[in-house]
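Peer 1: Residue-level listing of the chains:
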Amino acid sequence: MEPSVKKKVMTVDDSRTMRDMVSFTLRGAGYEVVEAADGQQAMNAIATTKVDLVITDLNMPNMDGLTLIRRLRAIPAHRTLPILMLTTEADEKKKAEGRTAGATGWIVKPFNPDKLVSVVQKVCG
Amino acid sequence: MDDLSRFKQTYFDESAELLAVAEAGLLRLAPGEIDMDEVNAIFRAVHSIKGGGGAFGFAGLVAFAHEFETVMDGVRNAEIPITTGLVDTLIRANDVLARMLSHAADGTEAPEGTTDDTVAALRRFLGKAEAVPGQPEPAPEPAATLHPDDEDDEAGIFGDALAAIQAARDDQGPSATPAADAVPDGKIRWTVVFRPKAELLLSGNEPTYMLRALRRLGEAEIVCHLDRLPSLRDLDAELLHLSWTVTLLAGPEVDRARIDDVFEFVADDCDIRISAEAPPPAVIPAIPPGAGPPALQNAAPAPGADLQDKAVPPPPATPAATTSGAAGPGKAADGARRGNGGDHAGPTSHTIRVDLDKIDRLVNMVGEMVITQAMIAEHVRDLPPGQFQELLEGLESLAQHTRELRENVMSIRAQPVSSVFSRMPRLVRECAAATGKEVMLVTSGETTEVDKTVVENLVDPLTHMIRNSIDHGLEGPEERERTGKPRAGTVHLSAAHRSGRIVIEVTDDGRGINRAKVLSKAIEKGLVQPGSSLSDEEIDNLIFLPGFSTADQVSNLSGRGVGMDVVRRNISSLGGRIGVYSAPGEGSRFVLSLPLTLAVLDGMVISVGDERFVLPLTNIVESLRPKPADLHGLVNKCDVMMARGEYVRLVHLHRLFGIPKAIDDATRGLVVLVETEDGSRLGLVVDEVLGQQQVVIKSLEANFRRLDGVAAATILGDGRVALILDVAGLREMSRHGAAPATGIPTTAIPLAAPADRSDQRQRQTV
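Going down the list, the protein sequences come from chains Z and R.
The first sequence begins at 411 in my numbering and counts up one residue at a time.
The second sequence begins at 111 in my numbering and counts up one residue at a time.
Next up, chain Z with everything else stripped away, as it sits in the complex (with noise of 0.2 Å):
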């Protein structure tokens, strides 16, 4: 696969270990994976990296994943980028709360790599 074509997924968690894995996992798949480890550093990364899709987690230090996206969704330019909650929860408030502030989708944690390729196949191809 050519780098120019690789789709490039940005993954926030203020776990090192589910960023790992999440990269490791997406990487294998062909993408290609920057980390922020809280929502700040992901809107910071963001104002100067092309992301093709956000998968956030939602407890986070300084800015949780329920801010970021409803930050995210307020830039224009971002309005239509696709954003996956990675919750550890099947809490379906939480669902609807990331519904309404704008999420694309969500991932249950503890995640199975098959279906995180295949969620993220889904929503950004």
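In case anyone wonders, no lab produced these hints; they're calculated from the structure.
Ideal placement from N, C-alpha and C gives every residue a C-beta, glycine not left out.
Treat each hint with caution, since some may be false.
[To be verified] Below are the DSSO-like pairs computed for lysine-lysine, each with C-alpha atoms no more than 27 Å apart in a straight line:
no.: 1; chain 1: R; residue 1: K118; chain 2: Z; residue 2: K418
no.: 2; chain 1: R; residue 1: K627; chain 2: R; residue 2: K595
no.: 3; chain 1: R; residue 1: K307; chain 2: Z; residue 2: K504
no.: 4; chain 1: Z; residue 1: K460; chain 2: Z; residue 2: K418
no.: 5; chain 1: R; residue 1: K468; chain 2: R; residue 2: K118
no.: 6; chain 1: Z; residue 1: K417; chain 2: Z; residue 2: K460
no.: 7; chain 1: Z; residue 1: K416; chain 2: Z; residue 2: K460
no.: 8; chain 1: R; residue 1: K562; chain 2: R; residue 2: K468
no.: 9; chain 1: Z; residue 1: K503; chain 2: R; residue 2: K562
[Claimed, not checked] A few chain Z residues that don't get close to chain R, going by computed Cβ distances all over 10 Å:
no.: 10; residue: K460
no.: 11; residue: I485
no.: 12; residue: A487
no.: 13; residue: E507
Given the coordinates of chain Z, work out where chain R should sit on it, guided by the hints.
Peer 2: Positioned in the frame of chain Z, the structure of chain R alone reads:
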């Protein structure tokens, strides 16, 4: 999941850090003043441990973390008030979590009932909280996390989405399926009518990808409907006006759930109709029995069967279905692995984890390089001046780069002392509870960096000292009040860099050392002659004597006795020193001075005959040339010298080590006055002091064998091996008589032995 097991170590490392974060936070939690940042940080720490634990299938750990997390969530939402009891329980929970983690790391099962008590204690707080309306139901979640492999059970996890799809399906009128040809054997024809709401794009969902995902499931024919397309003038590019009908010819492994999956996120924003058509029944037995997954029965409905009949949610995908689903991504993975090396690590990868062995090797290599560089420098010194200007300049910058390289490499191993300091709040808390005292711990300089080995070795001494400060130094609250002090005593722990060393101080504002009692105890123990007059400082230092630490005594009376000799031994084994300063009624201050690294030593190079030795700078008090009148011979050939008003035993190194051609008369050579860890002094008789130098420490034991009176070896600039003297060992040797002990290195033999290279060097320079 196997692929992800490689992240286990990261997980355990990270969890250890998170546990420390949680503990530090918990220790700062106090009733009344809630710091939300702190509470959130604790919550997140536990949450992350749980999340990662789930990924590796640590069921027990996850279940316990969940209980812990639920209580933290209650605290976070101000539903559970912070009380001392709560904090204690949470701290205990953190301990249990640590235990669960270490079991997980060892691959062992935690003993039955490990978590029971703590879970019960945690739930008690929850009981109170549950009375509060709006508290989320804590119970059902673990089931989802306990069996990571079950996550395809979307009926549970994605219930809402499926319900919506179900509803859409129930509404389904006569299908728009184009009446088509007969369905081929072994295939199912799915017809999917997909009419998204206009706002679909605003959630970041892209129908193209969903269609693509459908296409991956089989042979697809996609028809786009433009009936909702407005005129160009009314067109809003951000809204979606299209809809599609997809006719999908798929194998039996594609079941309803796989198709529903595609629309997982958009079920609420779409009108989706799905119907299936299979070949006539006679064909079905053609599928080899057992070849298809059990789900097939549900996935391949009877011909013309209307799915509306089935009110039950689609069956969970079977493992077989999951595996076949992986085929697509698997191919992509092959492609990606080739290009993997060039992947950019991303904006946050500012640190990497490195095996400590690698760094040790690096430190070692740099040590070798420093030695080689010094060796070259030594040879160059003998060259005729003025002839090799460029060589000299080159060597000079090489020397500078070597020095910088060494500092940088050493700094890789450097760690902030915060990793040790952060353990102390807990200790203080426990000691305070045990002694019934009120204690405030103040720390400063936590970011001061020092070599990892030094940091690790600080834990025990600091623990001892802080425990002593609280146990013996601080008064009880009532007593403090009587003497006009605040009820809570303060223990101040600080770290700072000072002239190439790290200085750590433990200060308390307690009662100070009770010198009268220390002295009487020392006399009673026979450590001090009755009637001897000691200065305050000397009395304070008595607490470091080994005799002071033997159980029963001093501690609860006055003393600082417990373990202080051990503390001093630990510190001196790190090449450090410890001092105590105390003012009665005002408190005490313990000062540790330690080298920044254990790989390099500040030493004084001395010569004895043809040999060179290195004395650790920390041991050296001064060097002087005695007058004949200062020297006093004793019967057993053990000379003493009067230095600064006290008698000091003289040790002739050449006699001790059997070195020929050395100066025996101290008035013609030099006496280096050294001090051991316990403050006793020795005068080492040497020929000459050659100068101060940083030397790279080489283990003598690892390369040769242990020698009395020798701590380690080093290689000097001229390539010669020099022994680094161990002052305490020399004192021991000199006590056992001045006769040269057997097994003592005689000149070149052991010196040449440590390494072949040094042997060569020696020949070169001789």
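Peer 1: Give a verdict on every hint.
Peer 2: Hints versus structure:
For a cut-off of 27 Å, the pair hint linking K118 of chain R to K418 of chain Z stands: about 25 Å separates their Cα positions. Straight-line distance between C-alpha atoms of K627 of chain R and K595 of chain R comes to about 23 Å, which keeps the hinted pair within the 27 Å bound. The straight-line distance between the Cα atoms of K307 of chain R and K504 of chain Z is roughly 23 Å, inside the 27 Å bound, and the hint therefore holds. The straight-line distance between the Cα atoms of K460 of chain Z and K418 of chain Z is roughly 8 Å, inside the 27 Å bound, and the hint therefore holds.
Simply put, K468 of chain R and K118 of chain R have alpha-carbon atoms about 21 Å apart, close enough for the 27 Å limit, and the pair holds. Taking the CA atoms of K417 of chain Z and K460 of chain Z, the gap is near 10 Å; set against the 27 Å cutoff, the hint holds. Our distance criterion of 27 Å between C-alpha atoms is met by K416 of chain Z and K460 of chain Z, whose separation comes to about 12 Å. With a C-alpha separation of about 14 Å, the suggested pairing of K562 of chain R with K468 of chain R holds against the 27 Å cut-off.
Our distance criterion of 27 Å between C-alpha atoms is broken by K503 of chain Z and K562 of chain R, whose separation comes to about 46 Å. With a closest Cβ-Cβ approach of about 13 Å to chain R, K460 of chain Z is found to remain outside the 10 Å limit, as its non-interface label requires. Annotated as non-interface, I485 of chain Z keeps its C-beta farther than 10 Å from every C-beta of chain R; the closest such distance is 12 Å. Every beta carbon of chain R lies more than 10 Å from that of A487 of chain Z, the smallest distance being close to 12 Å; the non-interface claim holds.
Distance check for E507 of chain Z against chain R: the nearest CB is about 13 Å away, which clears 10 Å, and the non-interface claim stands.
In the structure shown, a violation is registered for the earlier hint numbered 9 alone.
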